[in-house]
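S.K.: Sequence:
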Amino acid sequence: MDSKELQKKFKNGEVIEFDTPTIILGSSSPRRSRLFKENNIPHVQIPSTVDDTELNHLHPHKDVSKKQVIAYAKNMALAKLKPFIGKVVNGAVITMDTTAYLEGRILEKPITPECCREQHLFISGKTNIAYTAYAIYCNGKTVCRVMASKVKIKKLPEDIITACCSDPETLDAAGYRNLGPIFPYVKIRESHRANVTGVHIPFVLKMLKAVGFNQL
74 MDSKELQKKF KNGEVIEFDT PTIILGSSSP RRSRLFKENN IPHVQIPSTV
124 DDTELNHLHP HKDVSKKQVI AYAKNMALAK LKPFIGKVVN GAVITMDTTA
174 YLEGRILEKP ITPECCREQH LFISGKTNIA YTAYAIYCNG KTVCRVMASK
224 VKIKKLPEDI ITACCSDPET LDAAGYRNLG PIFPYVKIRE SHRANVTGVH
274 IPFVLKMLKA VGFNQL
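Each residue of the sequence shown is one higher than the one before, starting from 74 at the first, in the numbering used here.
The set of hints was computed from the structure by calculation and includes no laboratory data.
Wrong hints could be hidden among the right ones.
[Said to hold, decoys possible] Derived EDC-like pairs (lysine to aspartate or glutamate); straight-line CA-CA distance at most 20 Å: (1) K160 to D75; (2) K82 to D92; (3) K199 to E263; (4) K228 to E176; (5) K160 to E176.
[Unchecked claim] Pairwise CB distance ranges, derived in the manner of DEER restraints: (6) V284 to R190: 39 to 49 Å; (7) P230 to R262: 42 to 52 Å; (8) K228 to E87: 10 to 20 Å; (9) P230 to V284: 44 to 54 Å; (10) D232 to F91: 45 to 55 Å; (11) P103 to D232: 22 to 32 Å.
Quick reminder that beta carbons are idealized off the backbone N, C-alpha and C, glycines included.
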């Protein structure tokens, strides 16, 4: 059964049972799926039915502590995982959420060019922290862990900020898009780059072992 058929069954609320242990990526991100493929990890892609845009507004985004932002990232990843609980047999479901944090503020999806400009002026020349929460459900067990990565943004020229504000993918990214127009101005430790831009495979593999998924 291909991913489209599985997605249809999932949306209909049906239980999905696999003949062999299978990894389910609960995300629509082609970039995350590509990272799994590049690391030779077989998987199927079934996006979560949860709208994270609505969830964002349920949490404070200013005057937020480090403890609060970690809890926020976990809550977002677990919320995306929730629709899969009890609906997958012989599979490990992975959902995730990346949150950019700077000076007590959670950086939102800018949505509008005006908001995008304000946020890029705010992060320009500063170091923010990207917290990615990974949630996994497998055989009745759920585990959620967070990986933090420092991201240094060099001083952004006016033309780069303008380019960001007209980039649809940047407007839909949490705070900023590392692979967008600001890419040359972003500095991330290489071992942490995947945690910020997609999914940190070694981190996820350790989590899969923690829930008893050892079929890779």
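S.K.: For the range 42 to 52 Å, tell me whether the beta carbons of P230 and R262 fit it or not.
M.R.: violated (24 Å)
S.K.: Does E176 lie within 20 Å of K160 when you go C-alpha to C-alpha?
M.R.: This hinted pair is violated, its Cα atoms lying about 40 Å apart.
S.K.: Taking only the CA atoms, is the gap from K160 to D75 under or equal to 20 Å?
M.R.: holds (17 Å)
S.K.: With the threshold set at 20 Å, check whether the alpha-carbon distance from K199 to E263 stays at or below it.
M.R.: holds (18 Å)
S.K.: How does the Cβ-Cβ distance of K228 and E87 compare with 10 to 20 Å: does it lie in that range?
M.R.: violated (52 Å)
S.K.: Given the hint of 22 to 32 Å, check if P103 and D232 actually sit that far apart at their C-beta atoms.
M.R.: Distance hint for P103, D232 holds at roughly 28 Å.
S.K.: At the C-beta level, are P230 and V284 separated by a distance inside 44 to 54 Å?
M.R.: holds (46 Å)
S.K.: Hint check: K228 vs E176, CA-CA at most 20 Å. Holds or violated?
M.R.: With a Cα-Cα distance of about 17 Å, the restraint between K228 and E176 holds, given a limit of 20 Å.
S.K.: Do V284 and R190 keep their Cβ atoms within the hinted range of 39 to 49 Å?
M.R.: holds (42 Å)
S.K.: Given a hint of 45 to 55 Å, does the C-beta separation of D232 and F91 actually sit inside it?
M.R.: holds (50 Å)
S.K.: Please work out if K82 and D92 have their alpha carbons no farther apart than 20 Å.
M.R.: holds (16 Å)
Of the numbered hints stated above, those contradicted by the structure are hints 5, 7, 8, listed in ascending order.
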